[in-house]
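Participant: Using the sequences provided together with the hints, build the complete structure.
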Amino acid sequence: MFQNLPLFPEQASTMAPRVDALLYFLTAVSIFFASLIFIFIVVFAVKYRRRSDAEKAPQIEGSIPLEIFWSVVPLGITMVMFIWGALVYFDMSSPPAGALEINLVGRQWMWKAQHAEGQSEINELHVPAGLPVRLTMTSEDVIHSYFVPAFRIKMDVLPARYTTIWFHPTKAGEYRLFCAEYCGTLHSGMIGRVVVMEPADYQRWLGEGATGTSMAEAGAELFRRLGCGVCHRASDTGQGPALAGLFGKSVKLEGGGSALADEGYIRESILEPHAKVVAGFPPVMPTFKGLVSEDGILQIIAYLKSLRKEERARAER
Amino acid sequence: MNGERREHYLNVNYGVRSWLLTTDHKRIAWLYLVSITFFFFVGGFFATMIRLELLTPQGDLVQSETYNKLFTMHGVTMVFFFLIPAIPAVLGNFLIPMMIGARDLAFPRLNLASWYIFIVGGLFTLAASAAGGVDTGWTFYTPYSSIYSNTHVALTVVGIFVTGFSSILTGLNFIVTIHKMRAPGLTWFRLPLFVWSHYATSVIFILGTPVLAITLVLVGLERIFGLGIFDPARGGDPVLFQHLFWFYSHPAVYIMILPAMGVVSELIAGFSRKRIFGYTFVAFASLAIAVIGFLVWGHHMFVSGQSVHAGLVFSLLSFLVAIPSAIKVFNWTATLYKGSISYDAPMLYGLGFIGVFTIGGLTGLFLATLGFDVHVHDTYFVVAHFHYIMVGGSVMAYLGGIHYWWPKMTGRIYPEIWARLAALIVFLGFNLTFFPQFVLGYLGMPRRYHIYPPEFQVLNVMSSAGASILAVGYVLPLVYLIWSLRYGAVAGKNPWGARGLEWETGSPPPTNNFDTTPRVTAGAYAYEKEPGEVYSFGKTAHV
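For the protein sequence lines, the chains are L and U, in the order given. Sequential numbering from 1 applies to the first sequence in our numbering. Sequential numbering from 1001 applies to the second sequence in our numbering.
The hints are simulated quantities; they were obtained by calculation from the structure and are not laboratory data. Computed from a predicted model, the values in this text were never measured in an experiment.
The calculated lysine-lysine pairs, modelled on DSS-like cross-linking and capped at a C-alpha distance of 27 Å, are:
{"no.": "1", "chain 1": "L", "residue 1": "LYS289", "chain 2": "L", "residue 2": "LYS276"}
{"no.": "2", "chain 1": "L", "residue 1": "LYS171", "chain 2": "L", "residue 2": "LYS112"}
{"no.": "3", "chain 1": "U", "residue 1": "LYS1529", "chain 2": "L", "residue 2": "LYS47"}
{"no.": "4", "chain 1": "U", "residue 1": "LYS1338", "chain 2": "L", "residue 2": "LYS56"}
{"no.": "5", "chain 1": "L", "residue 1": "LYS249", "chain 2": "L", "residue 2": "LYS276"}
{"no.": "6", "chain 1": "L", "residue 1": "LYS249", "chain 2": "L", "residue 2": "LYS305"}
{"no.": "7", "chain 1": "U", "residue 1": "LYS1493", "chain 2": "U", "residue 2": "LYS1529"}
{"no.": "8", "chain 1": "L", "residue 1": "LYS289", "chain 2": "L", "residue 2": "LYS249"}
{"no.": "9", "chain 1": "L", "residue 1": "LYS56", "chain 2": "U", "residue 2": "LYS1529"}
{"no.": "10", "chain 1": "U", "residue 1": "LYS1338", "chain 2": "U", "residue 2": "LYS1529"}
{"no.": "11", "chain 1": "L", "residue 1": "LYS47", "chain 2": "U", "residue 2": "LYS1338"}
{"no.": "12", "chain 1": "L", "residue 1": "LYS305", "chain 2": "L", "residue 2": "LYS289"}
{"no.": "13", "chain 1": "L", "residue 1": "LYS56", "chain 2": "U", "residue 2": "LYS1493"}
{"no.": "14", "chain 1": "L", "residue 1": "LYS289", "chain 2": "L", "residue 2": "LYS112"}
{"no.": "15", "chain 1": "L", "residue 1": "LYS289", "chain 2": "L", "residue 2": "LYS252"}
Selected chain U positions facing chain L (Cβ under 10 Å, derived; list incomplete):
{"no.": "16", "residue": "GLY1059"}
{"no.": "17", "residue": "PRO1324"}
{"no.": "18", "residue": "GLY1339"}
{"no.": "19", "residue": "HIS1377"}
Computed far set for chain L versus chain U, every beta-carbon distance over 10 Å:
{"no.": "20", "residue": "GLU101"}
{"no.": "21", "residue": "HIS126"}
{"no.": "22", "residue": "GLY130"}
{"no.": "23", "residue": "TYR202"}
{"no.": "24", "residue": "SER214"}
{"no.": "25", "residue": "LEU222"}
{"no.": "26", "residue": "GLY240"}
{"no.": "27", "residue": "ALA242"}
{"no.": "28", "residue": "LYS252"}
{"no.": "29", "residue": "GLY257"}
{"no.": "30", "residue": "GLY280"}
{"no.": "31", "residue": "PRO282"}
{"no.": "32", "residue": "PHE288"}
{"no.": "33", "residue": "LYS305"}
{"no.": "34", "residue": "LEU307"}
Where a beta carbon is used, it is the ideal one built from N, C-alpha and C, also for glycine.
Facilitator: Here it is as structure tokens:
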């Protein structure tokens, strides 16, 4: 019976104790104020109960000092909640540098994760313990939401946009993964698991599932197959800008302004090439809408990221 | 009571026609009362099915598709056809003209038209249910609702769109009435807090409802013509819908709770025989809630991918809106101090309201806290929170108000012992239903789940057990209130010994509310005076 009645979710990430600390604080404040009000009500209710029907009550206008007191005190306490909550939220929204990067595509009704090394898995995610992991997520259809209660994290997964979520798992084990945004008929079937493994086990798992082709390699292959290299050459001699070293940089746009070359920008440039044209290049790129899947776009992005790494390595040499 | 038969609004004429074509605000209140009660039990039926299904982790009662339609129709019916209109359309309609000494609302025929619009909207929505239902959830998130759902979204949306006009017209009617038709001597700061809270609610009706209407039109157009407003494949923005939707639908929560606060102010004052402590603070708190309530919609979107900075602003504003709510709770509690408190059924509902509203309000702080909301967002924690506010709060106040003014509406008194019992059953049943859901949410059970992992079962069974107790608490008043219409003791004009213009006229009141125009010489809740010292009724005929 009691193993069927858990009262507290497992703590399995660095974020979990921080969110639980918020819970303790919020609960303590709530119990204090609720008890205060309930005690006053019960005491008044008993002490001042009507004893005869002719009874009159003395009239009290109100009290400005009291009103100020019970406005300012709650205001102060809620500001503590606000700042504390905001600090935790800020950290939830800022993935640490050097996190293990994994791509994720949500679809009615499954989660497809793709590791940089090339493995992909459905409704499961294998990660090593003790290392921050960052997921870049998109949806092929409706809005989903990636939710791992044991990590105390959640983020919506949107069509045509990338959102990210990160976590730092602290102990090996299997944890439930839910879709938290209602997404249609089998919404409640969109359950998976996150398997946190000891780093050595994770390396073994990576080896077992190896396909021989990494995300970046698959992206390079797709880049070649779609003929992107005809225009995007190694140097700016083609019709389009060179792409090595592009990722993560700010690019100047035709007609003024600039854009950060992140995942979202690259995705948009593949599907809506005329939305943000790089300064100095003619708007001649055709759209690749319908020719490349969400998985494929993520592979191309992985390829472009790998070019950035090569660029950096070359610069350091 | 012997001698000549007294004429009042109920017996002034008879027949279906005299009801369906009436422009008397009190009869229109009855039209709403009957239709809203119908929708409440329809919505309650859907809720019953949901709680039965969730008794077990497997989907053994209904298919997923049916389950999704059940929770959608439950939400749509309860929100748009019960919670939003309940207190304003029934109690507000009946009481506002009487409380301010007017003989009707400013636009009586518009008031009747509002009811017909409400019914037409309801029929569209019922037709959508009968045709097979809709499965988007009452929030209609795009692009699921605008592209992917294969159910009757357009028909449902039309129903809600039409019903919205009913809200707008009611709000307009209330505002004009409160501005222009107050009895001589009834200044703004002599108004009952019930009237203040309905004034604030009407502002939301007028400013918020059109935004929802336009948003739903866009969803309908996108479904039918493929406009591409929310469809990312055509350059639309799926999150835009959420901004537009919550711009109305968060203030809509205050449409449900502000009138409830108005009712509770009347109950606490009436049964403690005291003016409300800090009257002006409570009155302005209503306006503050209505205004700040328009600025907090983004707290529904902390995990939607909106910017971190937007999240900060919406979190801050959400905390600010909690302050006027807290002020009200403190003032009600202080009103009890040195009161002459009796525990008739309406007062039990009033105190029950403070209990559930306190829990609902405090858990609202949990959800406004950014780092905490991320974990419980879209889980049963949220389900529990908004049921505490919207259902616990406004239903408790609605039932309390119906009981308090029942003698005025009908001229009859219900059996007190049954009414107290029902109030206790509702309170216990409600807490047993929804408190376990806070724990369930923190454990991680997402909302709108048809099947769920087995470790969540015990809490779900507790919740379903509570729901069956709650159902008893809802059916009981239906039985004894109908019973009282024929067998209840005859009520005098002021059975509670309360202050307020509505208690100065007959029970039931005459069609024109007062035989002559009242004059007011003191503020609401003047319990230090006798009624004759507060109101005078001149010889001039009521105009």
